[in-house]
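Since the structure of chain C is already known, use the hints to place chain B on it.
Protein sequence lines, in the order shown, are assigned to chains C and B.
Be aware that the first sequence starts at 1, since it is given in my numbering, and climbs by one per residue.
Be aware that the second sequence starts at 394, since it is given in my numbering, and climbs by one per residue.
Source of the hints: derived by calculation from the structure; they are not laboratory data.
It cannot be assumed that every hint is accurate.
Under the rule of at most 20 Å between Cα atoms (straight-line distance), these lysine to aspartate or glutamate pairs were calculated in the EDC-like manner [claimed, not checked]:
1. C:K95 - C:E59
2. C:K204 - C:E265
3. C:K95 - B:E466
4. B:K439 - C:E59
5. C:K204 - C:D230
6. B:K439 - C:D196
7. C:K95 - C:D106
8. B:K439 - C:D81
9. B:K439 - C:D351
10. C:K247 - C:D196
11. B:K439 - C:E265
12. C:K375 - C:E213
13. C:K95 - B:D533
14. B:K439 - C:D256
15. C:K95 - C:E105
16. B:K439 - C:E266
17. B:K439 - C:E213
18. B:K439 - C:E285
In this text the structure is predicted, and so the values were computed from the model without any measurement.
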Amino acid sequence: MKIHPASPLRLLILSLFLILILAACASTTSAPAASDNESTAAPAAPPAQSAPATDALPEFCGDASQLAAELHFFNWADYMDEDIMAQFEEACGVKVTQDIYSSNEDLIAKLQAGNSGYDLVIPSDYAVQILINADLLHPLDMANIPNVANIDPNLMGMYYDPENVYSIPYQWGTTGIAYNVTAYPDGVDSWAAIFDPAQVCEQKGFASMLDDERESIGATLKYLGYSYNDTDPDHQAQARDTLLAQKECLAGYNSDNYNQTLASEEVMIAHAWSGGTALARSENENVKFVIPKEGGTIWMDNMTIPADAPNIYTAEIFINYLLSPEIGAQLSNYTYYFTPNLAAQPLLDPDYHALLESGGMLVDDAVRARLEWIKRDESSIIFSDTWTAVKAR
Amino acid sequence: MNERQTPGNRFLRWGKRLLWANMIFSFLFLYLPIVILVAFSFNDSKLGARWVGFTTQWYVSMAQSEAILTAMENSLIVAFVSTIIATILGTMTAMAMERFRFPFQRTYDGILYLPVIIPDIVMAVSLLAFFSLLLGGANDLLGLSGNAALRPGLVTVIIAHVAFNISFVAIVVRTSLGELDPGLEEAAQDLGANEWTTFRRVTLPLIMPGILGGALLAFTLSLDDFVITFFTTGPGGTTLPIEVFGRIRRAISPEINAISTVMLLVSMILVIVSQLVQRRTVALSSSPVKESQ
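With the rest of the complex left out, here is chain C:
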C-alpha cells in the first residue's frame, strides 16, 4: 500500500482552507469598501444599491444623500422584530445589522473601549446615566426625530436624562408579584404575601424570588416601608433577616425561567418582571400580575447613539422610524413589553392588549405613582454584601 502524496483527504483539507481564507478576505474587504464613500460625505454619493432612485425614497428616510448604506445596531437579544429591519432596508436602502449583548455592564465595557463601530445602542435607565457621565453618548438632533412627539410625556425627562438630550424611551416594564389565581382566588395586593413567613409558607416550595440583588433586596425594603434605594446599614440588616426567614419556604431564586415555572404551575407566587409574566400568561391564563400596594419598580430601555458612532444621521432617521405609530405597535407586539409610544397604543394587537389588561399588567396613573426607579452609585455596593449574606446561608 503506497501513501500517495496527493491523497484525496489532503486535497480536501487544502481546498477547504483556501475557500475559507478567500471567504474571510472577501467579507473583511467588502464591508469597509461598501461604506467607504459614505464617510467621506461626498455630496452626490449614491445611496445603497437596493434603493430604487433618490427621489423615490419615502419622506421618513430623510435626506438620501446623508444616509449610510449600513447601520450597526447593538441590542438586547430577541428585542427587535427582524421584519422591521427588513422593512426599513426596503424603504430606505439602509441595511440594519444587529449584534447582541446580555447585560448593561457588557454594553458599557464595549463602549468604554472605544471605536466600537455601533450606531445605535439600547442601555437601561441607570446605564444611560453612567454613559452620559462618561461622555460616551452623542446628543440627539431632535430635528431629525419629529416622532419623539409620540412618546408619552409621563415617560420623558426621567432622572437619568432629565432633558432627553441623549436618550429616547424604547420599551419599558415593571417588577411586581406574579401569582396563580387557583392558589390566590382573592388575588394578591401586598408584598406580605411573599415576605410574611406565615403567608409565604402556606405555599412552601411553590414561591420564587428574582435572582437579582437590587430587585430582591429592594422589594424587601419596600415591604419594610423603605425605599428600593435605601443603603442604610440597619435597614439592609432588617432586609437580610426578612429574606433569610423567607428563604426557608422558597422554591428558589430564579430570574431566567420563572416564566416557565409560572406557566407550568411549579410556582404559584413569584417575584417577577411584567414582560416575563405576560409570556407566562400567554401560556397559562391562571397567571396574573400585580404591583403591590407598597410599590414596585419601573425600568426603561432607551435608544441612544454612542459618541463615536460612524453613522449618526442614519441612526437618528432609524430612531424616528421606530417611533412611528405603526412600527411602535409592531415592535411591542413582538417584544411583549410596554410601548412608551402613545400613538402606537391604539394599534397594538387587541389580543395582546387584552392579555395585559386582564392579567393586571397595565399601568394606570395610580399604579405609576407607586413605581420606583432603581438607582446605582458607589453606595450601592452594600446591596452586594447583603445579597451575599442571604445567598450564602
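Same frame as chain C, now just chain B:
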C-alpha cells in the same frame, strides 16, 4: 486490551459488574439532559415548560431567523479558520519544543501552558485592551475615521481564538511527539530520506492522530467560546453562543433547544469523521517506512 482471565476470582467478577453499572449511570448522567433538550425542541409550547404536542415549528422559525443564521455562519467561519491556523502553528510549536534545545526553553514551556490555565475573562479583557490600542493606533496612523476606520470584528475574534488554541494544540501534539520512537526517524534518514521527506512520510503520519485530536479540541473550544468572543467582536460579529446567551435572558425557548440540537448534530458528525480519519491514518502508518522508497 487483553482480557486477563483469573478464573474463580469472585471479587474481580463483582468489580466488573459494578464497573458496568457505573458506566451505564455515567452515560445516563451525561446524556439524559441532552435527550430532554432534543425532545423539547419538538415541543409545541412557547415557553417549553411542559409537553404540549409535537411540532417542527421551532426549526422552521430558526431557519427563517436572519439573526440565528448569521450567528451560525459567523461561528462556523471563526471555528474553521481559527482551528486551521492554530493547528498549523500549534504543531510547529510542539515540534520546536520537542525536537530542539534552545535557551530559556523551560520558560517557554511554562508560558505555553498559561493560556490554558488563566481564566477566560482575564484573557478577554487583555485582548480587548490590546485590540483597541492596536486598532486605535492604526486608525490614527493611517488617518482613518468613520466607517472606514479599522475596528474589531470577525477577524479580531479569529486572532483571539488562534491565540488561546495554539496552546491546546501544542500540548496535545507534544504528547504524540513524545511517544514517537526516535528510531523510526533515524532509520528513515539512514535510508536516505532528507529532513523534509522524513517529516512528511514518517513523522507527520505518525503524529496525525495527535494533530487531529488537537484540531478537534480547538474547533470545539472555538465554537463554544463566549467570554473571549464577546470582548473581541464588533459590528456584524455576533456568534452563536452570544446569540443564545442573550436570548436565554428572556426565556429558554424551544428555539434555543432547536439551535442546540443542530449544533449537537454538527459536533457528532465531526467526532465521527475524525474517528474515521484517525482509523485510516493509523491503518496507513502501521505499514510504513519500508515502502516509502
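We went through each hint and held it up to the structure:
1. C:K95 - C:E59: OK: K95 of chain C and E59 of chain C at ~18 Å, within 20 Å.
2. C:K204 - C:E265: Between K204 of chain C and E265 of chain C the Cα gap is close to 13 Å, so the pair holds against 20 Å.
3. C:K95 - B:E466: Between K95 of chain C and E466 of chain B the Cα gap is close to 18 Å, so the pair holds against 20 Å.
4. B:K439 - C:E59: violated (38 Å)
5. C:K204 - C:D230: violated (29 Å)
6. B:K439 - C:D196: violated (33 Å)
7. C:K95 - C:D106: violated (25 Å)
8. B:K439 - C:D81: holds (17 Å)
9. B:K439 - C:D351: Cα-Cα ~16 Å, so holds.
10. C:K247 - C:D196: At roughly 11 Å apart (the allowed maximum being 20 Å), D196 of chain C and K247 of chain C satisfy the hint.
11. B:K439 - C:E265: Answer holds: K439 of chain B to E265 of chain C is near 15 Å, not above 20 Å.
12. C:K375 - C:E213: holds (13 Å)
13. C:K95 - B:D533: Judged against 20 Å, a Cα distance of about 28 Å means the pair is violated.
14. B:K439 - C:D256: holds (15 Å)
15. C:K95 - C:E105: Given that 20 Å is the threshold and the Cα spacing comes to 27 Å, the pair is violated.
16. B:K439 - C:E266: Within the cut-off at roughly 17 Å; holds.
17. B:K439 - C:E213: At roughly 28 Å apart (the allowed maximum being 20 Å), E213 of chain C and K439 of chain B break the hint.
18. B:K439 - C:E285: holds (14 Å)
Checked against the numbered hints given earlier, the structure breaks hints 4, 5, 6, 7, 13, 15 and 17 and satisfies all the rest.
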